[in-house]
Every structure is written in structure tokens, then in C-alpha cells.
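Protein chains: 2
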Amino acid sequence: MDTPVAPSRRITIVDVAQHAQVSTTAVSKVLRNAYGVSPKMRDRVRQAIAELGYRPNAGARGMRGQTYTIGVMLPNIRNPFFAEILDGLTDHLADTDYQVLLGPGCNGRDAEAKVTHAMIDRSMDGLILIAPISTRAHLDHVAATVPTVVVGRHGRSRAYDSVADDDFAGAALVVDHLVELGHTRIAHIEHHETDRDCLAEMPNAIRAAGYQQAMRAQGLADEIDIASTSYSQEGGYLGTQQLLARPVRPTAIFAGADIVAMGALDAIAEAGLRVPEDISVAGYDNTTFAAFRPISLTSVDQAGHQIGANAARLLLDRIADRQRPAAQVKLSPTLVTRRTTAPPPTS
Amino acid sequence: MDTPVAPSRRITIVDVAQHAQVSTTAVSKVLRNAYGVSPKMRDRVRQAIAELGYRPNAGARGMRGQTYTIGVMLPNIRNPFFAEILDGLTDHLADTDYQVLLGPGCNGRDAEAKVTHAMIDRSMDGLILIAPISTRAHLDHVAATVPTVVVGRHGRSRAYDSVADDDFAGAALVVDHLVELGHTRIAHIEHHETDRDCLAEMPNAIRAAGYQQAMRAQGLADEIDIASTSYSQEGGYLGTQQLLARPVRPTAIFAGADIVAMGALDAIAEAGLRVPEDISVAGYDNTTFAAFRPISLTSVDQAGHQIGANAARLLLDRIADRQRPAAQVKLSPTLVTRRTTAPPPTS
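The listed protein sequences correspond, in order, to chains A and B. Residue numbers for the first sequence follow full-length UniProt numbering, beginning at 1 and rising by one. Residue numbers for the second sequence follow full-length UniProt numbering, beginning at 1 and rising by one.
Hints may be right or wrong, so weigh each one.
A pair counts as met if it fits within one copy or between any two copies, since identical chains are not told apart.
[Stated by the list, open to error] For lysine-lysine, the following DSSO-like pairs were computed, each having C-alpha atoms within a straight-line distance of at most 27 angstroms:
id, residue 1, residue 2
1, Lys40, Lys330
2, Lys29, Lys40
3, Lys114, Lys29
4, Lys40, Lys114
Bear in mind the hints are in silico, worked out from the structure with no lab data behind them.
Could you build the full structure based on these sequences and the hints that come with them?
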């Protein structure tokens with residue numbers, strides 16, 4: 001489909017190559033930001049593109065097999081952590097011609113299938129799936145069809161690259177920090193999970209397992225206490241209401257994500273309790289919300305920006321070479337301690 | 001492009017019509033959720049679709065002129081207000097076959113042009129542009145090419161439908177509330193604007209004008225004090241730093257958006273001041289952040305969910321009838337008072 005802004009004769013990649021006095025291969029390389037392009041070559045091609053007003057036509061490229069579109073599937077647009085990943089991703093793609101289109105609001109396997117199929121139908125060049133809950137079979141299938149990077153999910157696949165954080169270690173950072181402050185009654189709010197693939201591979205399940213392992217390692221097996229809700233503000237709110245109603249209240253809550261901690265703080269405020277005087281709260285993701293001074297939430301930093309940048313790099317790599325072996329990038333989390341964690345109240 | 005999940009012979013709309021024993025027109029109507037389809041007819045067609053495993057192929061439909069894709073351009077994925085609009089939009093589209101794809105991160109006219117062109121190139125059936133800052137000429141041009149609804153921008157166009165809030169009235173709600181509490185030194189943080197189209201049409205400019213008009217109406221023309229930064233957390237933070245450094249500090253800050261108020265609260269906490277004891281803060285948008293109890297921000301509710309639902313309805317209408325006159329929907333805001341606004345300190 002042509003648009004009225006296009007000139008009467010469409011400028012092609014051949015025109016750009018002639019104008020820049022380079023090969024069309026070189027232009028193509030610059031367009032997809034491939035390795036091995038010198039800065040000088042890039043400037044030359046970009047100048048020709050600007051001077052001619054060349055606008056790659058996605059439809060036409062689709063016919064030849066490239067649309068310069070990357071589809072990103074996001075589970076929840078309200079989770080500020082995904083904005084960090086997205087920033088890393090778009091920053092890495094800023095100098096390329098790739099356009100990112102987001103498929104939002106995936107809250108189930110059917111919804112994920114609909115979004116991934118929609119992206120494949122629209123001939124996107126590659127997909128980045130953030131924390132997908134689909135079966136491994138579906139993910140392998142998608143990746144066999146189109147270059148795919150899976151973010152925030154563990155497990156090795158031969159079909160897709162993946163980027164994840166060491167969630168097991170991250171959970172231990174929180175437990176150890178709280179134990180050091182003197183807490184023993186440390187509860188956890190997890191995202192409820194029953195599916196076998198998800199239990200083995202989803203960050204939420206790994207964090208819950210890491211929490212339990214760290215509690216045992218600290219000799220606190222008897223204190224393990226999990227509220228099983230969801231990774232959302234509502235889930236944090238409901239989980240905290242459950243925990244506050246226990247005969248003996250926990251003195252610290254490890255929320256599996258910052259957005260869960262947000263709901264926890266909401267419920268604690270509603271109950272008329274103070275943070276951290278009455279109860280400590282820690283999150284996971286170190287989002288802008290955690291750094292926000294009126295809240296100042298202790299949280300695990302899993303470097304969302306870096307995760308996004310890695311995902312973009314791997315995807316461009318794979319688009320260029322679909323045969324290379326799948327790569328797994330695992331990042332190491334760090335703990336950022338802030339005002340919401342302190343020693344437990346003396347009783 | 002075909003995908004491996006498709007059966008060996010692709011199921012077509014004709015198969016669905018035969019199976020459901022209805023006309024292909026009826027199937028098409030159900031697919032695009034047109035008016036005049038009985039619930040019974042819809043159930044029948046949907047059942048046939050499910051039984052046959054019919055999956056409309058966007059590429060194929062593209063050839064015929066429909067891709068069942070709606071492109072939504074968002075200026076900033078971090079602003080929680082846009083999530084409200086998006087919820088209203090996707091809820092309205094939930095029973096249709098339309099797939100929403102978001103173009104994120106538009107922070108300038110070049111970026112907006114890139115995204116809108118990308119969406120047009122990908123043959124999307126319609127666009128919803130949220131708070132675009134492009135020239136009127138560009139918007140009219142886009143709307144002449146593809147059915148378009150503009151959200152959060154004032155001004156009448158013959159080419160596109162629009163949905164906006166009465167921002168002028170909304171700003172007055174805040175000023176009047178603060179005056180009633182006893183404030184006179186009421187400052188405003190605006191999004192800096194110099195472009196003529198934007199000054200006339202953007203919500204931020206209308207809110208700033210509404211603030212000034214309301215201050216004059218209250219006999220407080222001499223107290224008008226504006227920090228001109230941006231509608232972002234950073235903008236609220238920097239604007240508040242400016243305001244707190246005034247020889248005589250304001251006793252209340254009207255932040256042009258909740259995300260701006262978030263930055264304001266951050267700067268106030270950093271300065272060691274208390275809200276609302278030392279200084280009152282009000283926002284605009286009534287997002288989930290405002291309702292969050294530890295913050296409990298007074299804010300103007302502009303019904304983001306309703307805005308999104310209206311935008312989706314208008315767009316489906318226009319896709320069905322591109323000739324109908326353009327519609328403008330203007331919603332009336334209300335004030336939600338919470339804990340961040342109180343009488344000024346007695347000095």
C-alpha cells in the first residue's frame with residue numbers, strides 16, 4: 001500500500017546505493033545495522049537516505065522477506081519493569097531502521113497465541129517475547145517460524161535465544177538481607193503457578209523456589225510462608241491481606257516483583273501499619289517506582305535496560321544468521337537496600 | 001506468509017459461512033463486530049470459527065484491504081494514564097478480531113512520523129493516536145490515508161475523529177479546590193510548549209491556560225507562577241526544585257499530570273518537606289498511582305477507560321463508513337480529593 005507522502009516514483013535501495021556510490025549489499029547492511037559496517041560507510045549511506053528521502057516500504061520488503069518490524073509481546077503494560085526492558089531494547093535499535101510494535105495485554109495462553117500469530121501473519125522480521133507463559137512446544141514452534149528471543153524465562157531451547165536474570169540467586173539476596181536485619185518470620189508473595197513448564201522456567205516460580213531454599217539454608221524452614229496470588233498490584237494487595245491475617249504476623253514480606261510490593265504497601269497502609277517500623281517490605285526489579293523517594297523500596301536490581309539491550313542484540317544477530325546455535329544470556333542480580341527494610345519491631 | 005500452524009488447506013471465510021449456514025457477509029460482519037448482528041448469529045459464526053479452527057490471515061486480508069490490525073501510537077509507556085486508555089480500548093475490542101499493536105516511545109515529530117508511516121506501510125485498518133504532537137497538516141494527512149482517531153488533543157478536524165477531556169475546566173477544578181482550602185500561592189508545572197498548533201490543541205497547553213484563567217477569576221493574577229518543564233517524572237522533579245527555590249515558596253503545586261506529581265513528591269521528599277503539612281500537591285489523570293494509599297494523591301479524573309472505549313468505538317465506526325462526518329467527543333472531568341491537599345501551613 002502506497003501512501004500519499006511517497007514521491008511519484010518510489011526511491012529504492014538501488015537509488016540509495018547509486019547516490020552513495022556503494023553496493024546495495026552495503027546499503028542493506030546499514031539498514032539492518034549489521035556488524036562490519038564502518039562508521040564512514042554508515043554516514044555515507046545515511047546521508048544518501050536523507051538526501052533522497054528514501055523510506056523503506058515495509059509492504060514491498062515483506063515480499064522480499066524483510067519488513068524491518070520487530071514485534072514485542074508484553075504481558076502487562078502497567079508493570080514498570082517492562083518499561084525498563086523496552087527502553088534497553090529501543091535504545092539498542094535506535095540507529096537501525098527497525099520499528100518496534102508492541103502486542104500488549106497478554107494474560108493467558110490463548111491471548112499469547114493470538115498475539116504471536118498476529119505478528120507472524122504480519123511478516124514481522126523477529127519477535128521478542130517478554131515473560132511468555134505459553135507451552136515450550138508453542139514457543140519452539142513460534143521460533144521455528146520466525147527469529148525469536150525469549151526474555152524472562154529460563155530453560156534451554158535450541159530454537160530461540162533467551163535472556164534471563166538469576167532469579168534463584170536474587171531471591172536469596174533478599175532473604176539473607178532480611179535475616180541479617182534480624183527477621184525470622186519472612187513471608188513471600190508469589191505468582192500462583194500450576195503448569196509444569198511454567199514451574200520449571202518462569203522467573204516467579206524460580207524466585208519462590210529460591211526463597212524456600214534460602215530460608216532452609218538459614219535454618220528457617222519452619223518459617224516458610226507463602227501467599228500465592230499474582231504478579232500485579234492487586235495480587236500484592238490481596239496476598240498481604242492474607243499475610244496480615246495470620247495468627248502470628250510476618251515481620252517482613254518479600255514481594256516477588258516491585259508491582260507486587262506496591263500492592264503490599266497499599267494493604268499495609270490500609271491496615272494502619274507502618275513500613276518499616278511494623279513490617280519490612282522488599283521487592284524485585286528495582287524499577288523507577290522503587291527509587292521513588294516517598295516509597296524508597298528495597299529491591300533486587302536485575303538490570304532491565306541491559307536485558308532489553310541484550311535481547312535486541314541477539315535478535316538482530318539471529319535475523320542475520322538463522323542457523324547459528326541458540327544463545328542463553330543469564331545476568332546476575334544485585335540488591336539495592338532502601339528505606340522499606342529495617343530490623344523487626346522488638347516485641 | 002503462511003505459518004506452520006495453519007492446516008494444509010487454509011480454512012476460508014467461505015468455509016465458515018457454509019459451516020454456519022449463513023452468508024459470507026454475515027461472517028464478515030461478525031469478524032469486524034459490525035452493528036446489526038444478532039447475538040444468535042454471532043454465536044453461530046463464532047462456533048463455526050472455533051470448530052473449523054479458522055484463523056483470519058492478516059496478509060491475505062491485507063490484499064483485500066483489511067488486516068484487522070489497529071495501530072495505537074503512545075507517547076510514553078511509563079505514563080500510567082495511557083494504560084487506562086489502553087484498557088478501555090482493548091476492552092471494547094475484546095469481542096472483535098482486531099489486534100492492537102502499539103507504537104511506543106514517540107518523543108518528537110520525527111519519531112511520530114516514523115511510527116505513523118510504519119503503521120500505514122503495514123496496512124493497518126485504522127490508527128489511534130494518543131496525544132500526538134505532530135502538525136495539524138501531518139495529522140490531516142495521516143487521516144486522509146487511513147481511518148484515524150486522535151485522543152487527547154483539541155481542535156476540530158474534518159479528517160479525523162477526536163476524543164478529549166475538558167482540560168480547561170479540569171484545571172479550574174484544581175485551582176478552586178486549593179483556594180477553598182485557603183491557598184493563594186498556587187504554582188503550576190506545565191509541559192513546555194512553543195509550537196502554535198500544540199499551544200492551541202494540546203491538553204498540557206489548555207491546562208496551563210485553564211490554570212491562569214482560574215487564578216485570575218479567583219483574584220490571584222499576581223500569584224500565577226509556572227515552572228515550565230515536561231510531562232514526565234523528571235519534569236515534575238525539576239519543576240518542583242525550581243519552585244522550592246523561589247524566594248517565597250508556593251504552598252500548593254498543581255502538577256499537570258499524575259506522573260508530573262510523582263516527580264514533585266520525589267523532589268519534596270528530597271527537600272525534607274512534608275505533604276500536605278508543608279506543601280499541597282495535586283495531579284491530573286487520577287491514575288492507579290493517585291489511588292495508591294501510601295501516596296493518595298488529589299487528582300482530576302478524566303475517565304481514561306471511557307476515553308479509550310470511545311476512541312475504539314469511533315474508529316470501528318469510521319472503518320465501516322469512511323464518509324461520515326468527523327465526530328468530536330469531549331468528556332467532563334471531575335476532581336477526586338485525597339490526602340495530598342490540605343490547608344496551607346499557618347505562618
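Any hints this thing doesn't respect? Which numbers, in order?
Those not satisfied come down to hint 1.
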